[in-house]
Amino acid sequence: MTKSPTERPLGLQLRVLRPDPLGGPPVMGPGKADLLEGIRETGSIAAAGRRMGMSYKRAWFLVEAMNDSFRAPLVEASKGGTGGGRAVLTALGVTVLTAYRRLEQLAAETGTAELAAIREALAPQPEGQPAAAPEADQPKPAAP
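Position 81 of the sequence shown, counting from 1, maps to 81 under the numbering used here, and the rest follow consecutively.
It is worth saying that the hints were derived from the structure and are not from the lab.
On a predicted model such as this, the values are computed, not experimentally measured, just so you know.
Even glycine gets a Cβ: it sits at the ideal position worked out from N, Cα and C.
Beta-carbon label-pair distances, calculated as ranges:
1. Ala-116 / Lys-79: 42 to 52 Å
2. Thr-95 / Leu-22: 23 to 33 Å
3. Thr-112 / Lys-79: 42 to 52 Å
4. Tyr-56 / Thr-110: 31 to 41 Å
5. Lys-57 / Glu-109: 35 to 45 Å
6. Thr-110 / Gly-85: 38 to 48 Å
7. Arg-119 / Pro-73: 36 to 46 Å
8. Thr-112 / Ala-72: 31 to 41 Å
9. Arg-101 / Gly-128: 29 to 39 Å
Starting from the given sequences, assemble the full structure and let the hints guide the process.
This is the structure in structure tokens:
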């Protein structure tokens with residue numbers, strides 16, 4: 001069975017890219033923003049990653065990539081011990097996350113007519129077929 005494009009919601013995912021002629025990965029996108037929110041809420045990189053279904057190693061990789069992409073770290077982490085480690089967003093981390101979420105909100109509020117026009121122009125997609133390859137910024141599922 002083929003679903004009409006108008007039967008499914010069309011989404012918008014904001015990615016912030018560094019002006020790089022080689023085109024590196026996004027410095028901020030929905031997966032990284034969700035990870036930052038998880039760290040802010042749980043105080044833990046591991047717990048934030050688990051909530052997203054990603055391994056601790058992947059979560060740490062994304063945190064390090066974000067910290068390296070900005071003029072100062074977005075996340076500060078202390079090593080674990082008997083009480084476990086702790087991670088917090090820095091002031092810059094809060095600023096970047098807040099600005100990113102505001103951009104998402106503005107795009108969603110102002111782009112509804114444009115998204116509707118794009119949705120109407122889409123060809124039908126066969127049932128069960130993915131729309132596109134997964135994005136590099138999306139969290140990868142944890143290994144079983």
